[in-house]
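Protein chains in written order, with the numbering used here: chain L, 1 to 333; chain C, 1 to 476; chain X, 1 to 338.
Watch out, some of these pointers could steer you wrong.
[Claimed, not checked] Taking lysine-lysine pairs in the DSSO-like style, the calculated list, with each CA pair at most 30 Å apart, reads:
1. C:K159 <-> X:K51
2. X:K202 <-> C:K174
3. C:K383 <-> C:K17
These are computed hints drawn from the structure, not numbers from a lab.
As the structure is a computational prediction, the values presented were derived from the model and not from experiment.
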Amino acid sequence: MEDGERGLCGDAGQVNKRELLEVYYRLKLARDFETRVAEQYAKGRIGGFCHLYTGEEAVAVGALWHLHADDYVIGSYRDHAYYLIRGGDPGRCMAELFGHADGPCKGRGGSMHLFDADIGFMGGYAIVGGMCPIGVGLGLSIQYKGEDRVVLCSFGDGATNQGVYHEALNMACLYKLPVVWVCENNKYAIGTSVQRSSAERSMAAKGKAYDMPSYVVDGMDFFKMQSVAERAVADARAGKGPSFIEAQCYRYRGHSMSDPATYRSKEEVAYWKKRDPIPKIKAAVRHDFEVSDDEFEEIDRKVKKALDAAVAFAEAGKELPPERVYEDVYVEE
Amino acid sequence: MYEITMPKLSDSMEVGKIIRWLVKEGDAVRAGDVLAEVESDKAAMELECFADGTLAEIVHGDGSEVAVGETIGRIAEEGEGAPAEDEEEKETQAVKPEPIVGQLVPEEEEEKEKKAQVPAPAPVDEKPPAVRRAGEHAAISPYARKLAAETGVEYERLKGSGPGGRIVAADIEKAAAGGKAPERPPDEGGANIEPLARSVLERYGAAIESVVGTGPEGQITLDDAIKALTGRSPARVKPSPDEELPPLDLQPGEADVTEAPFRLKTLARIVTASKHVIPHFYVTRGVDVTALLKRKGDLKESLGVTLTHVIMFACVEALKKNPGVNRSYERGKIIAWKNVNLGLAVDTDDGLTVAVLPDAQTLSLKDMAARTKDLVEKARAGKLSAAERRHPTFTVTNLGMYDVEHFQPIVNPPSAITLAVASALPAPIIRGPSIAIAQVMRLTASCDHRIISGVDAARFLRDLADLLEDPDTLAG
Amino acid sequence: MPKLSYRDAINQALAEEMERDESVVVFGEDVAEYEGSFKVTRGLLKRFGPKRVFDTPISEAAIVGMATGAALGGLRPVPELMTVNFAYVAMDQILNHLALMRYMFGGQATLPVTIRMPGGGGHQLGSQHSHSAEALFVHTAGLKVVYPATPADAKALLKASIRDDNPVIFLEHEGLYNFEDDVPENVAPAALGKAALLREGKDVTLVGYGAMTHVALEAAEQLVKEDGVSVEVVDLRTLRPWDKEVVAASVAKTHRMVVVAESPPTCGIAAEVAANIYEIVFDELDAPIERVSSADVPLPYAKDLEQSCIPHAPDVVHAARKAMNIRTETVEPETRDV
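Given the sequences, and given the hints that come with them, work out the whole structure.
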């Protein structure tokens, strides 16, 4: 592990133990939350489509590490981790997945459509690539108003073949909007690999085509991820326009809860599991600091407590009654 | 206890199939382990473990099809002692009714209830109902009809000037302006009554007004008419057995009345239905068990085997020779069982129960005895597993310990034969030229005549008797 | 009162709203330097500058998506799609994002986007350039749909649409751009969802929108002159939500209705109006509701052939006579209903 790659807050070259433990906490929260979601889905408490982020945590934690509270994040249906890392409450998140009225979208969005403008999370979207032009629009509003904000727009490898993705990248680069494009290249769009679907196998090249800085980074490594994101976010904030980050990563589970992922070999999955971001962060802490197992376990307990409370909160809630189904279609005068 | 339930693996899934368990009862398990392979409506998936502990029980085994959400197994989580099972839950499980013809009865009961709950007839409307003549239908626009009602124009005989002869507003306006005093159409008796019901009531001189209508919008149906005339509902639905008996008229203090436990109600339903539906016939045969009784002591000591066990074992052997008897009849189909699931009637504190030894044909006499002991204990403790309650293909009921000479049990479905074992009682028999006293045990086969014939029963009993009369060969 | 063309009325509405509210921005293909393919945005770039009025690449989906995102970020975008036909490229962003985000996100998103789209056929533009897509938008909860028939309405309704905090699809009829009519000096925003009674009568109600309102007015003149009847004409002005009260009250008075729409009959606006009027005032109807629609075909290029596919005044006259049960000796125009 090279020092230069750390680049966390604090003095240059100084690594902060508290912050590393915070990274561990965020990774664990995202990881364990998704496991709980799997459990609740299997029990029938969560319905419809449910896409888990298990394995990709370093991408969200790393990409969001340098964002300000009022920056915008917008992404796909694989959005639970983004919502949580952005500061969303796990209980409300679980409630939304249960379809209950105390979810941030009152149970009308569900797993794929979390949204909370207060924490700058501008939505999970189900149409592949559909969020990209909306990210452009957010960038336009920032540029127009001269605000000190950026947009982080994330999507998967499959989105890079969608027409509107190309339209969006083109416009963002043309107008030099403050948008950071994060492509989570987890190698598969449901069961179709990048090799079988993309004539240009390099996602970064598909970003570079629009004449912006394009990076390829190990998305299983928090340090590398946040280092690249730091640069891209700073450039956007400075008015230099968009950047493109291809985060190479892997989802341990299937595309969604109903996908047995038979299109991947067990060896491939095992290979990526060996590069799990969570053991890496623990090793990093141990490498540089005195830390006991207790300290990690305390964080584990904290996470467990938060998730137990989240499930309990969700279980205690209920759906909006049918009388309220017509609310919020329009803004009423 | 952590309940492992059939998971919902896709949004459209309602039933899943357990392809196979990858762990067995007693194995240690951890969160993240794969417990089993499960098939959803879309694909085969791995069943993930979410708890740490020991797999305490597999409730549904390989090949089972289970509804989403139903418990398929249990994990004793770390820190938990021996599973303290919920007695009540076990009881409800114990009496899950077998899918037999007896279930016709509860459904019919429900139907009767539904009929009795038909709402009272709707209040009579103030506006006189539109008179409709059979066959004829005046085409008239809605507005014209409204105008006709307002002006009292009788339009049925009007020739409309609209397309296809439709009566339009102009036609009504013209007719109204014509000054003819409209006549009210003759009252055809506005009562809401089926024509057939009306003619029945008229024939028997009953007043329509006195009859309560239970049809749509309070219409008097034929059934209502019949009920009014005869004081009884027409018998359309097969009455459930309880209803055939006149109800008990109890005086206060005469008896204590309590609600029968669910288990007993179920048993009552099943035996009543069995007697009702299955055509029973009985074949009795005396068996000379003198030799067998002589071996009773050493069989007990050496193999832990009792007389009942020997009889059970002999039944299974006899079934092997008479596979046609190890079958059932069900709604037009012949169910040829692949195994012998031997049912044994067990008397428990909560009443009669039938414990089932699955795959009895694979057991040696010694094993059968051991398993039966265990089975009886479990039955008495109310802890029979699902497999131990399921589908007895042959049932044995033994009253031998009570000096009973002979009895004819009720067939226990799906067994086609239920065998009654009476006591071995001394009886004179002819041996060669002399009379001797032998211990004779009368075995009575109660048979389902839909699938068992007299010859089948006789052959089976002959083979069974031969086995029991030669204990050395049977028990070794 | 001064006369203003439909085009200039729209242009003025845009300018006045941009003047009034700094968050209003206009973008689309060729709207800035070229001043719009129909010249509707003439002069805006010069007056408000390239930050507020700018050209985009040919990227309809991204144009709509960008408007949606900009609205999320606090702007009030008025993008233009060059014609309604190109809206089809952006349908996912319109129907599957813009229309439903407010509802889906539990009321947290406010999207004050007004998308302007010229439409209407009859100019030999070929099938791909001659759609009437209003039914698709009207069918979708979360959108409002406006279709003015007169210059005064175009100005008043566009101002109202821009100020409305909901997504509005603002349809303009290309054939009306040059149509001039009285427009007052100061036009206030008109309430959306209100129809206008353009002519009073008692024997039949003719309902139209966009260019077909003028067809209805023309038919009314002919009916009055030739048949001596009294004809009521209603201009819908807003298609979602549409003014059921005014139309129902009119039919309750006249008992007969003809709806004319320049679009195929299947699942169209005329069907929507008819179904609702049947429900609301069934007992007042003296005849089935007549629908006069375009032929249920993609519009052909050939001049006369195309014209035979679109409703004209004689078609409406014929339908009205049918409703009023007036037989004439003259040869009836060939019916084209499917």
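Results of checking the hints against the structure:
Distance hint between C:K159 and X:K51 is unfulfilled; the C-alpha atoms sit about 72 Å from each other, more than 30 Å. With a C-alpha separation of about 18 Å, the suggested pair X:K202 and C:K174 falls inside the 30 Å cut-off, and the hint holds. A C-alpha spacing of about 25 Å is found between C:K383 and C:K17, which places the hinted pair at or below 30 Å, so the restraint holds.
Going through the hint list in order, the structure does not satisfy hint 1, though it satisfies all others.
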